[in-house]
Amino acid sequence: MAKITQNVISDTRPGDVIIFHDAGGDRSQTVKPVEDILAILYKSGYQCTTVSDLLYRSYSLLPPPLR
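The numbering of the sequence shown is our numbering, which starts it at 261 and goes up by one.
Mixed in with the good hints there might be a few duds.
[Stated by the list, open to error] Heads up, simulated EDC-like pairs for lysine to aspartate or glutamate below, C-alpha to C-alpha not over 20 Å straight-line: (1) Lys303 with Asp276; (2) Lys263 with Glu295; (3) Lys263 with Asp286; (4) Lys292 with Asp271; (5) Lys303 with Asp271; (6) Lys263 with Asp296.
These are calculated hints, taken from the structure and not from any lab test.
Please work from the sequences and hints to get the whole structure.
See below:
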C-alpha cells in the first residue's frame, strides 16, 4: 500500500473529513492513492458526501448568527 494511502487509512475515523490539496503539476502521486483510499473506505462501509450536504445537515446544530 502506498505511503499516502496507508497514512490516510490508518488515521481515518467515522466523521473525519479528508482533504487533498491540488497544487497543480503532476498529480499522479495523489490521484492513484485517492482511488485506492475511496475503494478501501467504501469496502469498510464509509460513505462520501459533499461539504454542502454536511453544512445542510449540520444547520440545525449551529447556533443562530450573532447580530
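Hint-by-hint comparison with the structure:
1. Of the supplied pair hints, the one linking Lys303 and Asp276 holds, its CA atoms being roughly 17 Å apart against a limit of 20 Å.
2. The straight-line distance between the Cα atoms of Lys263 and Glu295 is roughly 14 Å, inside the 20 Å bound, and the hint therefore holds.
3. Proposed proximity of Lys263 and Asp286 is supported: the alpha carbons are some 17 Å apart, at most 20 Å.
4. Taken as a hint, the Lys292 and Asp271 pair is honoured in the structure, with Cα atoms around 18 Å apart against an allowance of 20 Å.
5. A C-alpha spacing of about 16 Å is found between Lys303 and Asp271, which places the hinted pair at or below 20 Å, so the restraint holds.
6. A hinted pair counts as satisfied when its Cα atoms are at most 20 Å apart, and Lys263 with Asp296 qualifies at roughly 11 Å.
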